[in-house]
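First to last, the sequence lines map onto chains A and B. Using this note's numbering, read the first sequence as starting at 1 and increasing by one per residue. Using this note's numbering, read the second sequence as starting at 1 and increasing by one per residue.
There may be inaccurate statements among the hints.
It does not matter which identical chain is meant; a pair holds if it fits inside one copy or across any two.
Derived DSSO-like pairs: lysine-lysine, alpha-carbon spacing no greater than 27 Å straight-line [unchecked claim]:
id : residue 1 : residue 2
1  : K164      : K187
2  : K20       : K164
3  : K187      : K248
4  : K216      : K115
5  : K105      : K258
6  : K116      : K283
7  : K283      : K216
8  : K258      : K62
9  : K62       : K216
10 : K116      : K216
11 : K216      : K78
12 : K78       : K285
13 : K115      : K190
14 : K132      : K258
15 : K283      : K187
16 : K190      : K65
17 : K285      : K216
18 : K251      : K274
19 : K116      : K274
20 : K274      : K187
21 : K191      : K23
22 : K190      : K204
23 : K115      : K187
24 : K191      : K274
25 : K78       : K283
26 : K23       : K259
27 : K20       : K187
28 : K258      : K204
29 : K116      : K62
Simulated from the structure, these hints should not be mistaken for lab results.
Protein chains: 2
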Amino acid sequence: MSLLVVGSVAFDSVETPIDKIDKALGGSATFCSVASSYFADDVKMVGVVGDDFGDENIQMLKNHKVDISGLEIVEGEKTFSYGCVYRDDMNIRDTLFTDLNVFEKFDPVIPEEMKKSPFLLLGNIMPALQLKVLDQMTDLKFSVCDTMNLWIDITRDDLLKVIKRVSLLVINDSEAKMLANEDNLIKAAKKVMEMGSEYLIIKKGEHGALLFGEGKIFSAPAYPLETVFDPTGAGDSFAGGFTGYLTKADKIDFGTMKKAVIYGSALASFCVEKFSTKGIENKTKDEIENRFNEFIALSRV
Amino acid sequence: MSLLVVGSVAFDSVETPIDKIDKALGGSATFCSVASSYFADDVKMVGVVGDDFGDENIQMLKNHKVDISGLEIVEGEKTFSYGCVYRDDMNIRDTLFTDLNVFEKFDPVIPEEMKKSPFLLLGNIMPALQLKVLDQMTDLKFSVCDTMNLWIDITRDDLLKVIKRVSLLVINDSEAKMLANEDNLIKAAKKVMEMGSEYLIIKKGEHGALLFGEGKIFSAPAYPLETVFDPTGAGDSFAGGFTGYLTKADKIDFGTMKKAVIYGSALASFCVEKFSTKGIENKTKDEIENRFNEFIALSRV
Numbered sequence: 001m002s003l004l005v006v007g008s009v010a011f012d013s014v015e016t017p018i019d020k021i022d023k024a025l026g027g028s029a030t031f032c033s034v035a036s037s038y039f040a041d042d043v044k045m046v047g048v049v050g051d052d053f054g055d056e057n058i059q060m061l062k063n064h065k066v067d068i069s070g071l072e073i074v075e076g077e078k079t080f081s082y083g084c085v086y087r088d089d090m091n092i093r094d095t096l097f098t099d100l101n102v103f104e105k106f107d108p109v110i111p112e113e114m115k116k117s118p119f120l121l122l123g124n125i126m127p128a129l130q131l132k133v134l135d136q137m138t139d140l141k142f143s144v145c146d147t148m149n150l151w152i153d154i155t156r157d158d159l160l161k162v163i164k165r166v167s168l169l170v171i172n173d174s175e176a177k178m179l180a181n182e183d184n185l186i187k188a189a190k191k192v193m194e195m196g197s198e199y200l201i202i203k204k205g206e207h208g209a210l211l212f213g214e215g216k217i218f219s220a221p222a223y224p225l226e227t228v229f230d231p232t233g234a235g236d237s238f239a240g241g242f243t244g245y246l247t248k249a250d251k252i253d254f255g256t257m258k259k260a261v262i263y264g265s266a267l268a269s270f271c272v273e274k275f276s277t278k279g280i281e282n283k284t285k286d287e288i289e290n291r292f293n294e295f296i297a298l299s300r301v
Numbered sequence: 001m002s003l004l005v006v007g008s009v010a011f012d013s014v015e016t017p018i019d020k021i022d023k024a025l026g027g028s029a030t031f032c033s034v035a036s037s038y039f040a041d042d043v044k045m046v047g048v049v050g051d052d053f054g055d056e057n058i059q060m061l062k063n064h065k066v067d068i069s070g071l072e073i074v075e076g077e078k079t080f081s082y083g084c085v086y087r088d089d090m091n092i093r094d095t096l097f098t099d100l101n102v103f104e105k106f107d108p109v110i111p112e113e114m115k116k117s118p119f120l121l122l123g124n125i126m127p128a129l130q131l132k133v134l135d136q137m138t139d140l141k142f143s144v145c146d147t148m149n150l151w152i153d154i155t156r157d158d159l160l161k162v163i164k165r166v167s168l169l170v171i172n173d174s175e176a177k178m179l180a181n182e183d184n185l186i187k188a189a190k191k192v193m194e195m196g197s198e199y200l201i202i203k204k205g206e207h208g209a210l211l212f213g214e215g216k217i218f219s220a221p222a223y224p225l226e227t228v229f230d231p232t233g234a235g236d237s238f239a240g241g242f243t244g245y246l247t248k249a250d251k252i253d254f255g256t257m258k259k260a261v262i263y264g265s266a267l268a269s270f271c272v273e274k275f276s277t278k279g280i281e282n283k284t285k286d287e288i289e290n291r292f293n294e295f296i297a298l299s300r301v
């Protein structure tokens, strides 16, 4: 089964209370693609970069067997660049700069052979672009949409259109409350479900994640990390691991989705251990299975 | 097996965003005793009240087979009274008044026959009083201590002495971070464990609870409540349910404690559904087992 990932590809400059890094590989499509590559055999990525993107980044994606024939490289333009500083309680980050560069004109044209992909992961980008992608897909079986507070705030109508059309929405707890205008998380989840998607995942960072659907709720624990080195990309890695596992399983039911949530959580827990995509690169099957089993053991009674 | 509960007995005046109540039964010993009575056959409560305590409150405790021969009723004095208002996001409450009344002179003298109790639950009261209780116990097998941010702040040294002497400390996440002076919860937990108690439970409210001990971690989910009617006493109900189950099981190991955490969580989830002790009064065995099973189903993969 093939999985199409569409999203941003970026250079991130990140400063945490522990260390800092400049112009490191980032972007929602990047983290999503690498994370899903551990499960789905055929991951195709659509995005845009400038001519400064760098061969080592191309090579890393190829090493993870990500099909980058849909990654447009625009000559004479620069790759989207983002800079931020995390505060001491790493849940808060302050944006230093957002240079959209080539990403400003990003028009996701899906290559003909990718339009038939049954699985789709819409990484966090402007909802209008996510809608354009949905318009082009011909044989969708399951679609996942990630988003962020900015889009809830400034392009709510477009986001609501996306939510109506995807199978599963993944957002964090504060975003769910914001989207539903409701303080109680469970009530907020119900309201968001009424907006249209069949399934909903609410990420709670250091408190794990909740999966809603089929009238059921699943509560996944968080991995007990003593050091969060860099939270950037954790949500994308979660979405990638989750959707990648579903693609591989090719089964859409609550039981399979529970396992997918744990695999997504495992990838997110690897992600935050290092800067950029380093935490999720070159993982072995054993490392992933061991972490999956650690998650299972955490909440087994 | 018998369980001795020592703590405060109070009248609570509580205002929530939904409703308010005046002079309702409260106090750590009250919630702890009622919650533990569903498991332990022999719950003994030590505390102090004024002559305004009221027969209906005595009767409620008797109905739950709580031995109140250690509850001192002081003629001419008034019962400890506490008033607070919860904000919209019910995690924050503002204290309106604290009238210690008879509780100001509380000197917990444990009746002779109760000193041999193998299980002890020290409800949230001043650590110096918890130490006095510990000094009187002769045959302790397992002791649990609950506390709060106030004592970490103003009587830290006494609290550290208590922690050294009890088997298990139960605190919430912000208190753990405050006690350890550490932002990362897992690191904070490790630091708190080094202070002396063999086991540690960190309550995370709407995010569940974590149990630490024997080099292991257990993550319990939270019950997905759409309405938290009144959070007062939830932590005490948790501690009561937890310690009550351990007393009944009369087994001190991590596996038994996991179940105890779920039973504690079940009692806490009942508690917040109504004002005062109403949520945990007159529960049937079936209601408790059903909620326990709902908790198990929430995190089962």
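Note to self: My question is about K105 and K258: at a cut-off of 27 Å on alpha-carbon distance, are they close within one copy, between copies, both, or neither?
What the structure shows: Neither. Shortest intra-copy (37 Å) and inter-copy (54 Å) distances fail the 27 Å Cα cut-off.
For this session: Give the relationship of K164 and K187 under a CA distance limit of 27 Å: within one copy only, between copies only, both, or neither.
Result: For K164 and K187, only the intra-copy Cα distance (19 Å) is at most 27 Å; the inter-copy one is 42 Å.
(request) If the cutoff is 27 Å on CA atoms, where do K285 and K216 land: within, between, both or neither? Let me know, please. (result) Classified as between; 24 Å across copies, 30 Å inside a copy.
When no copy is named, should K20 and K187 be tagged within, between, both, or neither for a Cα gap of at most 27 Å?
between (39 Å within a copy, 22 Å between copies)
- Alpha-carbon proximity between K116 and K283, which holds within one copy, between copies, both or neither at 27 Å: Close neither inside one copy (29 Å) nor across copies (55 Å); limit 27 Å.
- Task: If the cutoff is 27 Å on CA atoms, where do K62 and K216 land: within, between, both or neither? Let me know, please.
- Result: Cα proximity of K62 and K216: none, with 38 Å in one copy and 39 Å across.
*asked:* Regarding K258 and K204, is the shortest C-alpha distance of 27 Å or less found within a copy, between copies, in both, or in neither?
replied: both (16 Å within a copy, 22 Å between copies)
Task: Within, between, both or neither: K23, K259 at alpha-carbon 27 Å - done: neither (34 Å within a copy, 48 Å between copies)
| query | How do K216 and K78 come out at 27 Å by Cα distance, when the copy is not named: within, between, both, or neither? | reply | neither (46 Å within a copy, 49 Å between copies)
Under a CA distance limit of 27 Å, which applies to K216 and K115: within one copy, between copies, both, or neither? Neither, since 32 Å and 47 Å both go past 27 Å.
Checklist entry - Is it within a copy, between copies, both, or neither that the alpha carbon of K258 lies no farther than 27 Å from that of K62? => result neither (29 Å within a copy, 45 Å between copies)
From the Cα coordinates, with 27 Å as the cut-off, is the pair K191 and K23 best called within, between, both, or neither?
The answer is neither: 39 Å in one copy and 36 Å across copies each exceed 27 Å.
In this structure, the hints that do not hold are numbers 2, 3, 4, 5, 6, 8, 9, 10, 11, 12, 13, 14, 16, 18, 19, 21, 23, 25 and 26, in rising order.
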